[in-house]
Structure formats: C-alpha cells, structure tokens
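**Student:** Given next are the chains, with one letter for each unit.
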Amino acid sequence: MAEAQPAPDPPPDVNGLVAAIQARHSGLDEQALDAVRRGVAQSRQMAAAMQAHPLQNSDEPQTVLRVARGD
Amino acid sequence: MTIDAETFARASLRDLGRLLRAGETSPVELAELALERLDTAGRQLNAVVTLTHERALREALAAEEELRAGRDRGPLHGIPYGAKDLLATAGIPTTWGAAPFRDQVFEYDATVVTRLHAAGAVLVAKLAMVELAGGMGYDQPNASFTGPGRSPWNREAWSGGSSSGSGAAVGARAVPFAIGSETSGSILTPSSFCGVTGLRPTYGRVSRHGAMALCWTMDKLGPLCRSADDCGLVLEAIAGHDPADPSSVARPWRYAPEREPQQGFRLCVLKGGAGYAQPDVAANFEAALAVLRPLATIDEVELEELPYGPVATTIIRAEASSAFEDLIESGRVAELTAPEDRVNPLAYDAVSARDYLRALRLRGRIARSFDALLARFDALLAPTTATVASPIDQRFSDYLRREGAPPLVPAANVAGLPAVAVPTGFGERGLPTSMQILGRAFDENRILAVAGAYQRRTDWHLRLPPIALPGAASEA
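In the order they appear, the protein sequences are chains A and B. First residue of the first sequence: 0, per numbering that gives the first Met the number 0; consecutive thereafter. First residue of the second sequence: 0, per numbering that gives the first Met the number 0; consecutive thereafter.
Since the hints were made in silico from the structure, they are not lab data. Hints are not guaranteed to be accurate.
[To be verified] Covered stretches of chain B, as calculated for chain A (at least 3 residues, CB under 8 Å):
| hint | region |
| --- | --- |
| 1 | 304-312 |
| 2 | 349-361 |
[To be verified] To list a few chain B residues with every Cβ distance to chain A over 10 Å, as calculated:
| hint | residue |
| --- | --- |
| 3 | Leu66 |
| 4 | Arg72 |
| 5 | Gly90 |
| 6 | Arg253 |
| 7 | Arg258 |
| 8 | Leu266 |
| 9 | Leu326 |
[As the list claims (entries may be wrong)] From the structure, some residues in chain A lie toward chain B, with a derived Cβ separation under 10 Å:
| hint | residue |
| --- | --- |
| 10 | Asp12 |
| 11 | Ile20 |
| 12 | Arg23 |
| 13 | Gln30 |
| 14 | Leu32 |
| 15 | Ala34 |
| 16 | Val35 |
| 17 | Arg36 |
| 18 | Val39 |
| 19 | Gln41 |
| 20 | Ser42 |
| 21 | Met49 |
| 22 | Gln50 |
| 23 | Glu59 |
| 24 | Pro60 |
A virtual CB, placed ideally from N, CA and C, is assigned to each residue, including glycine.
Using the sequences and the accompanying hints, generate a full structural model.
**Tutor:** So this is what it looks like as structure tokens:
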C-alpha cells in the first residue's frame, strides 16, 4: 500500500506563516527558526496531501459533543 | 508465606491469584516485592517516577483482610501494578513526564485508577513516560525529565514510548501489569521494544477521565502485561462507560476469549509482505505466521490509498496545541527536556481550522474503509514495529523510519481500532521483535483469542531478560 505522497515543494504560504510565528514568539534563534520552518512546511504538505482526497458535503467531522442541559 | 523473586517474575495474573488464595503469598508481600524490583531494576531503566509506598501498603493490607474474610474482588485482587504518570492519583504527584509539571498534584483518581482500586489491585508506582506523551514531536529517547527510557533487554536501547516506564517495568518483571496510553503508537511501541504483550483497546472502551489529554479524539488507555490472557483480565476491570468521559461507550465488556474456531481463524496480512522491516523482524513475523497457519486462513489485503499519516498528525497537532496552549504561549515549553520539544509546537499554529476539520472528515472515510476491509476477517497481522529498539543515543529519524513501511499505526489509531502486540522472538542486539494483531472496533475478545492461540504455541512472551532475575543468564 502506498500512501499519497506529499507535494515535493514547500507550499508558498510557508514563509508567511513562519513570519507570523516569529512575531508571536520573540527570541527564536536561527536553529529554532529552521525547526519551525520545517514543521510549518510539513503541516502545509500534509494539508495538501489531504486536499488530494475529495470529500462530499455529507462527510461530517468525527467529533464527540456532550450536549448540556442544566436542569 | 513467601514466594521467591523468580516465581514473582514468571507468574501470570492467574498464577498470582492462585498463590494468593492458597495462602502461599499475600498482597503485602507482592507489593513489597514489586516496590523492591522497581526501586532497583526499574530505576536502572528510568522506568519510575514515584513509588507509592504508603498507598500501596494501605491497599495491600485492605486486600489482605478482604481475601482472608472471603470477600473476593476477582483476578486483580491483591495484585500490584504501575500507572503511567499521566493518570491522576489523589495526593501523589502526576508529572506527565514533563519538568514544568513535576510538582503537579491532583485531588482525585483517574477513573481507570478508581476501577483498578475497586478490583482490588494495588498501586505501587507512577511510571515514567515521554514528556506530554510525545505530543511535542520528540525525535530521540532523552525526552523526559526522568531520563531516557531503557529497554530491559539491553540498557543501551530505547524502551519505546511514550508509555516507556510501563513497558520497561513490565518487561523487567517488576510489576505484573501496568497501564499505558496510546494516541498513535504509545502502547504498541514500548510493548514491542520491551518484549511484553500490550493491548490498545478500541477508542471509547476505557474512560480517559483523569488522564492527561494530548488529543481528545485519539487518546486511549490500555494494559501492558505478561500475556494476552493477562491483558484481557485487566481490560475487563477498566472497561466501561463513564459519565465523566463523553467519548466512553455504553457497551459493557466481559473478557471471554473466543475458543479457537473449528473452521480456523480468518486472518489477513498486507500485500507485499514485511520486506520493509529489518530482516530479523521480517523473519520472526514469517515464523509467527507459520505458527498460526495450521489454525487459520491467511489472505493478502491492501489498504485503500488514503492520507493516513497526514490525518493522524494534523489531528494530533491541532488538539495538542490547544491542550497545551498555556504551556506553549507562556514560554514554559522551553523547560521541556528534549530541545526539539521546546520548538516544534510553535509550528503547530500552521494547522488551520479547515485542515483540522478536513482531517476529522477524512477520519470517517478511513474508519469506514478499515471496517469494510476487516469485516471479512478476525484480524490483520503485521510486525508491530519495523525495527527492534533504536540505540539509546540515536535519533528516530535515523533508525526507526523504514522506506515502504505501511502506516498501520497512524491509520488504526485514526480509526480507533484495537490491537494487541505479542513478542515473536529476538533481533539485532538481542532485542525483542513483535507482531500486532489488529481487529475491528470492539473486537478485543477476538484479537485476544488470536493472540492467546499464538502464545499457547510459543514461549517468546515467557522469556525473561537478565534484569528480571539478577544473577541469571538471558533467556533470549
């Protein structure tokens, strides 16, 4: 079984996302920024891999909700 | 009334129960043996966070009085056990394996701990774990404030994680059983690397109330034991609906391993074999199949092509970044042990709400696909891990990842399916190998039946590492 392969090139939004993270977390050195960049690129590649599988409008998210009623 | 260390190390839960009821040992004696073994062997393996002497003695004395009075709570009555240190225990530190939480104390017991107490089991230790159950993306064994978990078979090898202490303590035979947790591999991997039998129950089978949340929609609690039979006995004690955990299911469960069917088990393996695994792992897997072949049909199947790994990782990153938002945003994440754990979670912000929901929607597709595949079979078999335990000083990315390995662990965890890992022999550096037996949702009895049939015909699960019997030679 072969899993769908992630896109080979980092998606274009990586640098913007890294800049946003850098702005929120001051004091990241180059090594830390590299790690963040790799993590962001991986997340975007995974998103692309998931987008390669079409979903129907009726495909609901698998979550659990405990409905509350306080009486 | 006394049993020796070797009897304690070798006994199954049923054996210990017989010895207790025959008056040949006592809950206090078993608790003291376990505490001594954890304090020596357990500490050598970095498996222990806290020994719970006071509580252990109190629970053991109560069990002793009850058994003497003929009040029998069942097969775990008077049996010592250890709990992964993400389970809340009243008045005892619950550290989550992470330096920022090393002084954390809850005022209540997790439901699993409460249920084990009701079954008469005796809590002797909080066991070590990878910090925050590995949710920050660790890439090497030194990722806990208690030090890297070490395999009982070779202290220079990793114990596996994130239930590292649970695997190592059971593997070293310091406790008859332990409770671990799995979000994506954290029971099966240490079971494989420590040579023990571990059961990942169906999602919702066991209440998560009082357990550290890493990923609400994927976290599961289960036992690590000396045999499949022991796993069944422990699961029966901890399974069941809990109003405090909305994801727990209202399906009562009794351990009743199905007899070996006359027409044989219907098993399947993934097409393409186990050639992606280390040669010893693959050879031992083939040998395990040969043991089962007279009892079963074994067909080849293929998983549907779906993005199993991306779905699992996206869900875990999104939920972990919320579960630990305070830690990350406060900057205290920098106090974690593994350097990569201090930085990786910052990048989790790159998972959008839409990505997360897409992953949750694809998860339904994955669950239905798996169920359709497994409906024709009793179980799917595969090596639990593609390699033996990695060297203690090596990065996982350099050793554990194998080209072509099927993403069974993320896939089955996304689908919430049960699996049991059983030892199958030994590989390089004298380290154990393992096979996973994966079943349909809520089919724990069926996979335990397959595991039990295998273990009745093999003795890999009975082999002891030298650390279990000081002064004795390895039985590898």
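**Student:** For each hint, tell me whether it holds in the structure or not.
**Tutor:** Consistency of the hints with the structure:
no. : hint    : in the structure
1   : 304-312 : holds (count 8)
2   : 349-361 : holds (count 10)
3   : Leu66   : holds, 39 Å
4   : Arg72   : holds, 31 Å
5   : Gly90   : holds, 28 Å
6   : Arg253  : holds, 25 Å
7   : Arg258  : holds, 32 Å
8   : Leu266  : holds, 17 Å
9   : Leu326  : holds, 13 Å
10  : Asp12   : holds, 9 Å
11  : Ile20   : holds, 5 Å
12  : Arg23   : holds, 8 Å
13  : Gln30   : holds, 8 Å
14  : Leu32   : holds, 9 Å
15  : Ala34   : holds, 5 Å
16  : Val35   : holds, 5 Å
17  : Arg36   : holds, 8 Å
18  : Val39   : holds, 4 Å
19  : Gln41   : holds, 8 Å
20  : Ser42   : holds, 4 Å
21  : Met49   : holds, 5 Å
22  : Gln50   : holds, 7 Å
23  : Glu59   : holds, 7 Å
24  : Pro60   : holds, 3 Å
When held up to the earlier numbered hints, the structure conflicts with none and fits them all.
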